[in-house]
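Following the hints, complete the assembly by docking chain B onto the known chain A.
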Amino acid sequence: MDPMTANLATEALPDLTLYAYGAYLGIAVPLTVWVGRTLVKNGRYFLLDAFGQNTELADAVNKLLAVGFYLINLGMVSRNVRWSPEMTNWPSVVRYSADNVGWAMLVIGGMHFFNLFILSRMRKNGLARLAPPPVLPSSHLARAASTVSPV
Amino acid sequence: MITALYVLYDDECGFCCACARWLIAQPKLVNVECVPRSRLASDDRFPGLRSRPGQLTVVDDDGGVYEGDSAWLMAMWSLTEFRPWSARFASPELRPLARETFAFVSQTRHGVNTLLGLRSDAELARAVARDAARRGCVDGGCAVGGGG
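Top line first, the protein sequences correspond to chains A and B.
Convert by adding 565 to the 1-based position in the first sequence; the result is the number in the numbering used here.
Convert by adding 602 to the 1-based position in the second sequence; the result is the number in the numbering used here.
Extracted from the complex, chain A is given alone in its bound form (with noise of 0.2 Å):
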């Protein structure tokens, strides 16, 4: 190819990768932070009847929780940017943000749904401890045991 074309060539396309990976993280980042904080306060509720109203425990348990939350979601957000398309005109920058923005979304989506099956199943559990005797008794004595203080 002689100098001159291939000059022109890479003047009439130009480089877009910057905007696309701009957009794609000025988009999902903030994505994932919405969502985890969304997390973080409605999931307290679910973990204060989990741990027996413990305040403290429920608050670390879900600290825990969203440090992996953020940990997966963004890591995976920023595992994607690696793959990318040249990008030489705007709609293959919208298709790619788009793509990349869209898995991300499932991803947290699936996330947000796993962890409210998890949430919900503790506190499940932890309602479970209220519960009351399984069976009646068959007699009963004249005295009450407890009238001599257990050992």
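Treat the hints with care, since some could be wrong.
Claimed, not checked - Derived Cβ-Cβ restraints for the label pairs, each shown as a range:
| hint | chain 1 | residue 1 | chain 2 | residue 2 | range |
| --- | --- | --- | --- | --- | --- |
| 1 | A | S704 | B | E635 | 18 to 26 Å |
| 2 | B | P694 | A | R686 | 22 to 30 Å |
| 3 | B | V707 | A | K689 | 26 to 34 Å |
| 4 | B | N633 | A | H677 | 39 to 47 Å |
| 5 | B | R736 | A | L695 | 50 to 58 Å |
| 6 | A | S704 | B | V707 | 22 to 30 Å |
| 7 | B | R641 | A | F678 | 50 to 58 Å |
| 8 | A | A696 | B | P698 | 19 to 27 Å |
| 9 | A | F678 | B | M603 | 35 to 43 Å |
| 10 | A | S704 | B | V730 | 46 to 54 Å |
| 11 | A | S657 | B | P629 | 58 to 66 Å |
| 12 | B | R728 | A | V632 | 53 to 61 Å |
To be verified - Some chain A residues close to chain B (C-beta under 8 Å, calculated; not the full set):
| hint | residue |
| --- | --- |
| 13 | N690 |
| 14 | G691 |
| 15 | A693 |
| 16 | L706 |
As the list claims (entries may be wrong) - Anything over 12 Å on all C-beta distances counts as not near chain B; from chain A, calculated:
| hint | residue |
| --- | --- |
| 17 | R609 |
| 18 | S649 |
| 19 | V672 |
| 20 | F682 |
| 21 | L692 |
Just so you know, these hints were derived from the structure itself, not from any lab.
Small disclaimer: the values here were computed from a predicted structure and weren't measured.
Every residue gets a Cβ at the ideal spot worked out from N, C-alpha and C, and that includes glycine.
Relative to chain A, chain B alone:
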């Protein structure tokens, strides 16, 4: 509101003693005290209680008496880890299974003792007493290593 359970177990059975030790070591939601059956007669906390041999008995602090699989379910209910299971096994669908399982374990416990070589606390106490008697010790007054 039940806050304490008394589990009356067969202290002539090694497997039952092992179960009682296990029960005591578990995280619990109510207080649990394991009472050996042999001491029942001298214990005035359970007036008029006639514990049938081979029957696990649980007494709650309101004086309610539970026997057999009910006693088993109550012991389960006292444990943090197993309370949800107690409700499940008490359901109409699983209650027969609980009853059969408990009856089976109850009947085969002496076989389990033989199979696993489990010795009950009472048996060990008798062995120690026999040994002391053989060595001519009086009131536990034996010199360590001096007998024989």
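Tested hints:
1. Against the hinted window of 18 to 26 Å, the Cβ-Cβ separation of S704 (chain A) and E635 (chain B) comes to about 20 Å, which satisfies the hint.
2. In this structure, P694 (chain B) and R686 (chain A) meet the distance hint of 22 to 30 Å, their C-beta atoms being roughly 24 Å apart.
3. Remark: the range hint 26 to 34 Å for V707 (chain B) to K689 (chain A) is upheld by a beta-carbon distance near 29 Å.
4. Between N633 (chain B) and H677 (chain A) the Cβ separation comes to about 41 Å, which falls inside the hinted range of 39 to 47 Å.
5. Checked against the hint of 50 to 58 Å, the pair R736 (chain B) and L695 (chain A) passes, with Cβ atoms roughly 56 Å apart.
6. Between S704 (chain A) and V707 (chain B) the Cβ separation comes to about 23 Å, which falls inside the hinted range of 22 to 30 Å.
7. Look at R641 (chain B) against F678 (chain A): about 55 Å separates their beta carbons, and that is inside 50 to 58 Å.
8. For the pair A696 (chain A) and P698 (chain B), the beta carbons lie near 21 Å from each other, so the given range of 19 to 27 Å is met.
9. Between F678 (chain A) and M603 (chain B) the beta carbons are some 38 Å apart, a value that agrees with the proposed interval 35 to 43 Å.
10. About 37 Å separates the C-beta atoms of S704 (chain A) and V730 (chain B), a value inconsistent with the hinted range of 46 to 54 Å.
11. One distance hint, 58 to 66 Å for the beta-carbon pair S657 (chain A) and P629 (chain B), holds here, with the actual separation near 59 Å.
12. Remark: the range hint 53 to 61 Å for R728 (chain B) to V632 (chain A) is upheld by a beta-carbon distance near 58 Å.
13. Because the beta carbon of N690 (chain A) sits about 7 Å from the nearest beta carbon in chain B, less than 8 Å, this interface hint is met.
14. About 10 Å separates the beta-carbon of G691 (chain A) from the nearest beta-carbon of chain B, more than 8 Å, and the hint is not met.
15. The beta carbon of A693 (chain A) is positioned within 8 Å of a beta carbon in chain B (closest approach about 4 Å), and the interface hint is therefore held.
16. Hint on L706 (chain A) holds. Least Cβ distance to chain B is approximately 4 Å, under the 8 Å limit.
17. Every CB of chain B lies more than 12 Å from the CB of R609 (chain A), the least distance being 23 Å, so the non-interface label holds.
18. The beta carbon of S649 (chain A) sits about 50 Å from the closest Cβ of chain B, which is more than 12 Å, so the claim that it is off the interface holds.
19. For V672 (chain A), the non-interface assignment is confirmed: its Cβ lies about 32 Å from the closest Cβ of chain B, beyond the 12 Å cut-off.
20. With a minimum CB-CB distance of about 17 Å to chain B, F682 (chain A) clears the 12 Å threshold, and the non-interface call stands.
21. Remark: the non-interface label on L692 (chain A) conflicts with the geometry, its nearest Cβ contact in chain B lying 10 Å away (cut-off 12 Å).
In summary, the structure is inconsistent with hints 10, 14, 21 from the numbered list given earlier, while agreeing with the others.
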